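K.L.:
This is what each chain is made of:
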Amino acid sequence: MRTTVRAVIATVIDQLALSQRARTWMGFDAEFSRALGRAGLLGLTLPRRYGGAERGPFARFVIVEELLSAGAPVAAHWIADRQSGPLILNYGTQTQREFYLPKIARGEAFFCIGMSEPGAGSDLAGVRSRAERTGTNQTGGGWCLNGQKLWTTNSLHSDYMIALVRTSGTPADRHKGLSQIIVDLKAPGVVVRPIVDLTGDSHFAEVFFENVMLGEDALIGAEGEGWHQVTAELAFERSGPERIYSSVLLLDAWIAHVAAVGRLDGETAVLAGRLTAQLATLRAMSIAVTALLVKGESPAIEASLVKDLGTTFEQSLPILIGDDLASHPEEAVDPELWRTIHYLSHIAPSFSLRGGTREILRGIIARGLGLR
Amino acid sequence: MDDMDFLSPFERLLEDQCAPAVVRAIEAGESAQALWASLHESGFLDALLPERAGGAELSLAEVGPLLQALGRFAVPLPVAETMAARAILAQSGAEAPAGPIVLATQGHTGPVPFAKVAQHALIDTGSKLHLVDLSDPRDAGFHHGLAAYIPAGLPGVVIPRPDRGLMPLLAVMRACMMAGASDKLLTMTVAYANDRVQFGKPIGRQQAVQQQLAVMAQKVIACRIAAQIGCAAGLDPSLFAAATAKQVTSAAAPVIANIAHAVHGAIAISAAYDVQLYSRRLHEWRLADGSEVYWARLLGSARLAQADMPSVDFIARR
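One line per chain: the protein sequences are A and B, in this order. Quick note on numbering: the numbering used here labels position 311 of the first sequence as 311, and the sequence is numbered without any gaps. Throughout, the numbering used here is defined as the position within the second sequence, counted from one, plus 372.
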């Protein structure tokens, strides 16, 4: 399987500079995602009848590990493959499964996740976007959506958003009355406005909903169960290899650099060894969480722990490697290596924001320890 | 086999025979004979021996949880070292002495944990192993510590040396004990934070304290996982396995010890309170058998020698 995925990666990777590959799961290439779909490498854990491969999460771990460490542009299918597919399989109706899952497995339906809003960041109970029922069940009712999402990764290029919205109550009701709905981003009333980030990319956007009319089957899972469903989904989002490998390309490029210039002294080895030992341990931790997911558990605390440690490691790489290279000013350094260090230094704060901030995760861990 | 099968009887034995009062007494210089006799009789010291030699023929991975328990109970004797020594001696058909054995590397001049309470040492000379009798080794002089210096040039029984010597195995076993002591400190610190009231509520309700404890928990679990990586490699572990285990645990040890002390406050500085039993060990073990930089340097040299290999291959394909 590693061989298959490496062959597909080889078709795109040579044309990409190191600093572009460092975008990893922020790098968008729809054609590459479809090529992975044709090779049977998407929707790996989905049942065959929905176009999947019925493989376990460990097989997916291997594929993802290869994609990320090569810096392949996986953003297009990333969220659909990682969490929307499993979510629809778990909570969707038969019709929803048959409609969305084969498209996800072919790399033809790209998803984004609508959680944050202007007034709801870490505190998602503050969600104000609201879906109101239209008509009645007898007349084949549906939903009318109004509101706004913010910082929605990849929404500009996605086909669908799974949004956390209020279907009853007010923010004062906290997590009660929230539901997940699937929004066709081409529907009338949806406006996606890209936001330019500090690296010049527009990987996230703000999304406005004005009287967006959705069918009855826009609701995914149970009405009012949105918070519960999102919490379960976040375990998938928080523990995967992407929380370890986002900067690993830089590590490999730095190791190639010191070997090329022949700097194999003790100080250099200490840094290489320290990072390698950390990476090996993080990988084993991520696999341990995957094993819990395989058992059907929802390891929220373990996943939070891996994400916090993993993103701390990822964030340290451009800092440590930048210091190392700049402490050897006599060495010739590939300009792409410098560009990558700067790109990663700038974007790295997002590593411990996306999928739950460091402070929120530590609160979850503390609660898991029995505090509060 | 489920490791709980032999972990719980081992923990019951330690609960019974190795209470903090016993640890303190032995550290204060009283005889360890009674504790050693109960460990010897339990059969656990032969856990790594083949069945034909009267052992349980367990792998190091299976014994790992027991080694962690040694740290969790602050066992004041070289139990892990003796288990390993007995297995290595059995491999070469040599008879193991009945007393506690420490492992050491010739030319490494630092203090050896538990040498003060050991009767024998198995010394790696670089080409052979020498089993020597220890009589009154020089105390390292750490307050209530059990480390001592092993004199050079002791005569002894010569047996073949494992390919990689004793240091990697020692590093893995020490990492397990550190993971256990760390786990105990976490349990104690969480309990204390829930108990201790300041500003009208348990200090564990303060977000600043919660953040500290979350960091501590992460480090403790990283130590356990790193120790497991080490144990998976068996009795003659690879450089990768040993270095990962000991680098991660040694680097985490001061952070874990410091948070345990910070959350407890002044009470943990007192000798009568148990935190010091574990925090002293973490600091001593961090420096024993190679610190974090020692192992990082060795692992890094191996990594740089395969510079064209992606990191994912280096760590995953072994």
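Careful, some of the hints might be misleading.
For lysine to any residue, the following SDA-like pairs were computed, each having C-alpha atoms within a straight-line distance of at most 25 angstroms [as the list claims (entries may be wrong)]:
hint	chain 1	residue 1	chain 2	residue 2
1	A	Lys295	B	Lys573
2	B	Lys573	A	His157
3	B	Lys573	A	Leu371
4	B	Lys573	A	Asp123
Derived coverage of chain B by chain A (criterion: at least 3 residues anywhere in the stretch with Cβ under 8 angstroms from a Cβ of chain A; other residues may be distant) [claimed, not checked]:
hint	segment
5	582-590
6	633-647
Examples of chain A residues toward chain B, derived with CB under 8 angstroms [unchecked claim]:
hint	residue
7	Gln15
8	Ala17
9	Leu18
10	Gly40
11	Arg97
12	Thr268
13	Arg283
14	Ile360
Think of the hints as simulated: they come from the structure by calculation, not from any bench. On a predicted model such as this, the values are computed, not experimentally measured, just so you know. Quick reminder that beta carbons are idealized off the backbone N, C-alpha and C, glycines included.
K.L.:
Where does the structure disagree with the numbered hints, that is, which hint numbers, in rising order?
P.N.:
Structure breaks hints 1, 2, 6, 7, 8, 9, 10, 11 and 14.
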